[in-house]
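Novice: Just so you know, the protein sequences line up as chains A and B, in that order.
With full-length UniProt numbering, the residue at position 303 of the first sequence is 303, and numbering never jumps.
With full-length UniProt numbering, the residue at position 91 of the second sequence is 91, and numbering never jumps.
Do not take every clue at face value.
If chains are identical, the list can't say which one is meant, so a pair holds when it fits in one copy or spans any two.
[What the hints assert, rightly or not] Pairs of lysine to aspartate or glutamate residues, derived as DMTMM-like cross-links and limited to a Cα-Cα distance of at most 25 Å, are as follows: (1) K237 x E124; (2) K361 x E418; (3) K278 x D384; (4) K237 x E398; (5) K154 x D131; (6) K164 x D384; (7) K154 x D385; (8) K254 x D300; (9) K154 x E426.
Think of the hints as simulated: they come from the structure by calculation, not from any bench.
Protein chains: 2
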Amino acid sequence: MAGTQRYIRYILIAFLCLIIVYFISSTSDPRDQLQSATDYIKSHSGSLTAHRDDEDEAPLPGLDDERPPIPLETGARTLPSALEDTDTTPNKPNELPPAVASGERMNATFVTLARNSDVWEIAESIRQVEDRFNRKYNYDWVFLNDNEFDEQFKRVTTALVSGKTKYGTIPKDHWSYPEWIDQDKAAKVRDEMREKKVIYGDSVSYRHMCRYESGFFFRHPLMLDYEWYWRVEPSIKLFCDINYDTFKFMAENKKKYSFVISLYEYVETIPTLWDSTKRWMEKHPDQVAEGNSMKFVSDDGGKTYNHCHFWSNFEIGNLNWLRGQAYMDYFDQLDKDGGFFYERWGDAPVHSVAAALMLKKEEIHFFNDISYYHVPFTHCPTGDDFRMDHKCHCNPSENFDWNGYSCTKRFFEVNDMELPKGWQQEQH
Amino acid sequence: MAGTQRYIRYILIAFLCLIIVYFISSTSDPRDQLQSATDYIKSHSGSLTAHRDDEDEAPLPGLDDERPPIPLETGARTLPSALEDTDTTPNKPNELPPAVASGERMNATFVTLARNSDVWEIAESIRQVEDRFNRKYNYDWVFLNDNEFDEQFKRVTTALVSGKTKYGTIPKDHWSYPEWIDQDKAAKVRDEMREKKVIYGDSVSYRHMCRYESGFFFRHPLMLDYEWYWRVEPSIKLFCDINYDTFKFMAENKKKYSFVISLYEYVETIPTLWDSTKRWMEKHPDQVAEGNSMKFVSDDGGKTYNHCHFWSNFEIGNLNWLRGQAYMDYFDQLDKDGGFFYERWGDAPVHSVAAALMLKKEEIHFFNDISYYHVPFTHCPTGDDFRMDHKCHCNPSENFDWNGYSCTKRFFEVNDMELPKGWQQEQH
């Protein structure tokens, strides 16, 4: 009797211990973490649903081993029985959550100015950015248009962007002639430029676009939420994997502006840009930074402009700098002088001159490891080892960096940077 | 005394239970699986090392939160202290292991026939395949060339492919005139085709390539290891995510051949291909399958060929079928008749006619969900929902499927498949 009681007690205690241990282990079940990561990822993806409308002619295989859980998952190997239903298509979107970097995100967004008709070219660019970078980071993407975006544009872009997508219309007064502009004079200029075959010289909308990118995009209500931006245009290419947070890099290294390609501007588009710049410098000498990159934009201490500029179709930069007093004063000077319409000032030289004069040298960054193409130029980083290490698939013979028409060598000199080994062989 | 003994016994039993439970749970520690998955991935990547040769002008940030472990990892959140060394570059290749599908792999490989000069175009194609599919599956890639591959080709492709890369040279006797070919007659044909401007009609190497793809690629020693292949050419594009194992799909659904684009062949390149085909049919009636796709290739029960074929620059197929008696007998007939040289027989009609006659209808698969571009045609799946669900970025107005020059509608009819909703709006 006592013996039986004892065994019963032992069994009960053992059972109790098992329950306690099970309880302890199940509260730190990695599956909880797994679930919340999946939710996190899903909440950042567009909503996707699977269809089975294409595979009618064949019965689907049993899907036990078809469903591909990530090997890094813990214990999640048994399928919910609903998924063994042979009605489901083998192509299940989002079944493989991407490897998303942990750690905090910067207050940053991609930004694209586009027309509805650009949708497929934008889609290509989004794919490039997502595949090489953003699928790991899920940053937002702001789209701006002087017209309203249509449903197709929003649908396609939202499906492809791994962060939140936002769509903004540009206010009319940011895309029209200021009241002080003499529109007849502006029309004459367009006629002259058409004769001289100045690229985009006959276009009104191109000028509104340049003015918008120069003075307004960073002030759009949708952009006010952010501190950092990465500008993306249609039909661009990225050739190397980018495995770090470029926005965080900028922040931690106190950069305000960056580029991948630099070149000389067509002087016919900016004959008096430097005169306006000098007027601003005289009015606001305090806004001209000590230790700036004057030598990048002028070979004579500031008397004349050498036309070097950063190619603005790629920019990762700080919005607060653009929204700051110095840049706004500069833009106001340019806007009043009217060169956006009386000439054809591009936002690239405008941003570049501003960055070169208002920022310290070390606040401008050359993203050598972001290999980039925008018609017609390519930045393909110099050095075979570098390219292999970064899984670059660009053709080095297309690298524009050391071409006589590029200003990148000058940038290296101004910043006392050593030219990369092998650059002489890549002077294309 | 008895009471104390009892408590001691209870404690010992509880302790024993804890030990047993711990032992049971630790043998199935997911971290073991984690480690082996990481090893698996590493063993399939090219060897990559990080360099710090570009970021000399700024101190690097502390990297604690920079290093991005996947949130799905269990417990692996503390960095090895070596990585907090500020000498390391923020761009650390392979720090984010891709989400790789678990489950077994099929005995399959990608295969590409290429010249050394094709390296950058191949690199583009590899990127497409990797980004949309293979980074999740890490299948091998065989490269074949009638010349030796140079170091650059091997280096670039190995860096980009997530599986093992293999390089094979084509034996001379698979890329030369068989001894029974009248080379003067062949030269005359090339002259005539040059006059008539038949595309590639004046090319010797093109014909060797077609003959190689028709009769030999699947017999290359490097290919003998595999059962399945996916053919990839330079400068292709894939527009939709592919989230399942296409090789496994083929195997489990008993498919032997597949396509994405079909079209009519130029009759000037294949005037007597069908006559050779009929000769083979008469010699080997047993090799002609019952319930085959005769209706896809002939509108009169086999008297004449309607020139419909599958576009072979994309194929996912079974190598054993190609290496089988029926296909080899067919190829031998064609090779003896000499049309590869006396005409300009492409491997596309050759593969297609063989598949249409030797395989049952249901053994040929149309990969609607693999959206594909090879100059100058695109397969962009019909249906807005379908495209959004599969994250496709192709322009639907470029879909060739329902173009009058495509044979895909015929394929649907032959297989009693319902045409996808909205196809009429996509007849471009």
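Novice: For each hint, tell me whether it holds in the structure or not.
Specialist: Hint check results:
1. K237 x E124: both (8 Å within a copy, 11 Å between copies)
2. K361 x E418: So K361 and E418 pass the 25 Å test inside one copy only (15 Å; across, 64 Å).
3. K278 x D384: neither (43 Å within a copy, 54 Å between copies)
4. K237 x E398: Classified as both: same-chain Cα gap 13 Å, cross-chain 21 Å, threshold 25 Å.
5. K154 x D131: Intra 20 Å, inter 23 Å, cutoff 25 Å: intra and inter.
6. K164 x D384: Classified as between: cross-chain Cα gap 21 Å, same-chain 36 Å, threshold 25 Å.
7. K154 x D385: between (40 Å within a copy, 14 Å between copies)
8. K254 x D300: neither (28 Å within a copy, 75 Å between copies)
9. K154 x E426: Between. Shortest inter-copy distance 21 Å satisfies the 25 Å Cα cut-off; intra-copy 41 Å does not.
Consistency with the previously given hints fails for numbers 3, 8, ordered from lowest to highest.
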